[in-house]
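Residue numbers (the working numbering), protein chains in the order written: chain A, 1 to 112; chain B, 1001 to 1116.
It is possible that some hints are incorrect.
Computed spacing ranges between beta-carbons, pair by pair [said to hold, decoys possible]:
{"#": "1", "chain 1": "A", "residue 1": "Thr28", "chain 2": "B", "residue 2": "Gln1017", "range": "22 to 28 angstroms"}
{"#": "2", "chain 1": "A", "residue 1": "Thr70", "chain 2": "B", "residue 2": "Gly1016", "range": "44 to 50 angstroms"}
{"#": "3", "chain 1": "B", "residue 1": "Val1050", "chain 2": "A", "residue 2": "Thr28", "range": "38 to 44 angstroms"}
With a straight-line cut-off of 35 angstroms between C-alpha atoms, the simulated DSBU-like cross-links for lysine-lysine are [said to hold, decoys possible]:
{"#": "4", "chain 1": "B", "residue 1": "Lys1009", "chain 2": "B", "residue 2": "Lys1071"}
{"#": "5", "chain 1": "B", "residue 1": "Lys1057", "chain 2": "A", "residue 2": "Lys56"}
{"#": "6", "chain 1": "B", "residue 1": "Lys1014", "chain 2": "B", "residue 2": "Lys1070"}
{"#": "7", "chain 1": "B", "residue 1": "Lys1014", "chain 2": "B", "residue 2": "Lys1071"}
{"#": "8", "chain 1": "B", "residue 1": "Lys1057", "chain 2": "B", "residue 2": "Lys1070"}
{"#": "9", "chain 1": "A", "residue 1": "Lys60", "chain 2": "A", "residue 2": "Lys77"}
{"#": "10", "chain 1": "A", "residue 1": "Lys56", "chain 2": "A", "residue 2": "Lys68"}
{"#": "11", "chain 1": "B", "residue 1": "Lys1071", "chain 2": "A", "residue 2": "Lys60"}
{"#": "12", "chain 1": "B", "residue 1": "Lys1057", "chain 2": "B", "residue 2": "Lys1014"}
{"#": "13", "chain 1": "B", "residue 1": "Lys1070", "chain 2": "B", "residue 2": "Lys1009"}
{"#": "14", "chain 1": "A", "residue 1": "Lys77", "chain 2": "B", "residue 2": "Lys1009"}
{"#": "15", "chain 1": "B", "residue 1": "Lys1057", "chain 2": "B", "residue 2": "Lys1009"}
{"#": "16", "chain 1": "B", "residue 1": "Lys1057", "chain 2": "A", "residue 2": "Lys52"}
{"#": "17", "chain 1": "A", "residue 1": "Lys60", "chain 2": "B", "residue 2": "Lys1009"}
{"#": "18", "chain 1": "A", "residue 1": "Lys52", "chain 2": "A", "residue 2": "Lys77"}
{"#": "19", "chain 1": "A", "residue 1": "Lys77", "chain 2": "A", "residue 2": "Lys56"}
{"#": "20", "chain 1": "B", "residue 1": "Lys1057", "chain 2": "B", "residue 2": "Lys1071"}
{"#": "21", "chain 1": "A", "residue 1": "Lys52", "chain 2": "B", "residue 2": "Lys1071"}
{"#": "22", "chain 1": "B", "residue 1": "Lys1071", "chain 2": "A", "residue 2": "Lys68"}
{"#": "23", "chain 1": "A", "residue 1": "Lys68", "chain 2": "A", "residue 2": "Lys52"}
FYI, nobody ran anything at the bench for these hints, they're computed from the structure.
Heads up, the beta-carbon is just placed ideally off N, CA and C, and yes, glycines get one too.
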Amino acid sequence: GDSVTQMEGPVTLSEEAFLTINCTYTATGYPSLFWYVQYPGEGLQLLLKATKADDKGSNKGFEATYRKETTSFHLEKGSVQVSDSAVYFCALSLTGRRALTFGSGTRLQVQP
Amino acid sequence: NAGVTQTPKFRVLKTGQSMTLLCAQDMNHEYMYWYRQDPGMGLRLIHYSVGEGTTAKGEVPDGYNVSRLKKQNFLLGLESAAPSQTSVYFCASSYSFLAGSAKGYTFGSGTRLTVV
């Protein structure tokens, strides 16, 4: 079945460090890919998305590129801030499906 | 603020007890979903609804029932709670038929349920 695999956390970084959170997927078709973020005490929010191979999603300084050849959608940010501390979820959806398939989430802790 | 509201935020149940989780959205979304979040397993879909009066099973529906009597509300029921149902439950809603729509899903802040 379809699945999403994320790197285990927590990921602990100092402010202004470079961030990479790995995400790979398996799917029977050509999915759309997403990153959602969950801040403490809140629900998940859509961070960025990409709908086809080689697309790059970006938002709030975060980027992720849809790599069909490696079935990956790694999240990156050049300089993290304390306010980026949250749990990040990679997810996929297939055409015609009504629901998202999520990875297990990666907790990011940014220290001042 | 507009969005998805879940009640209650926390609950402790004894094995065998029943309860209902309420999800309310004020965005006029057609589609609503219930997920559970467990450590190391991400979010798994329990049930979903594509409109008022409709419900459908997701990935892990056993032990749960749902109802969508009003478009803005989606209720999740546990008839006889079990310790395996200890989890964080999230409700979500969406405007578009496709999960890949531009606006994505809007999530509630979750209900933390412990069954002892």
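These are the hints, each one checked on the structure:
no.	hint	verdict
1	A:Thr28 x B:Gln1017: 22 to 28 angstroms	violated (40 angstroms)
2	A:Thr70 x B:Gly1016: 44 to 50 angstroms	holds (48 angstroms)
3	B:Val1050 x A:Thr28: 38 to 44 angstroms	violated (22 angstroms)
4	B:Lys1009 x B:Lys1071	holds (22 angstroms)
5	B:Lys1057 x A:Lys56	holds (33 angstroms)
6	B:Lys1014 x B:Lys1070	holds (29 angstroms)
7	B:Lys1014 x B:Lys1071	holds (31 angstroms)
8	B:Lys1057 x B:Lys1070	holds (18 angstroms)
9	A:Lys60 x A:Lys77	holds (9 angstroms)
10	A:Lys56 x A:Lys68	holds (12 angstroms)
11	B:Lys1071 x A:Lys60	holds (33 angstroms)
12	B:Lys1057 x B:Lys1014	holds (25 angstroms)
13	B:Lys1070 x B:Lys1009	holds (21 angstroms)
14	A:Lys77 x B:Lys1009	holds (32 angstroms)
15	B:Lys1057 x B:Lys1009	holds (24 angstroms)
16	B:Lys1057 x A:Lys52	holds (28 angstroms)
17	A:Lys60 x B:Lys1009	holds (29 angstroms)
18	A:Lys52 x A:Lys77	holds (21 angstroms)
19	A:Lys77 x A:Lys56	holds (13 angstroms)
20	B:Lys1057 x B:Lys1071	holds (18 angstroms)
21	A:Lys52 x B:Lys1071	holds (33 angstroms)
22	B:Lys1071 x A:Lys68	violated (38 angstroms)
23	A:Lys68 x A:Lys52	holds (8 angstroms)
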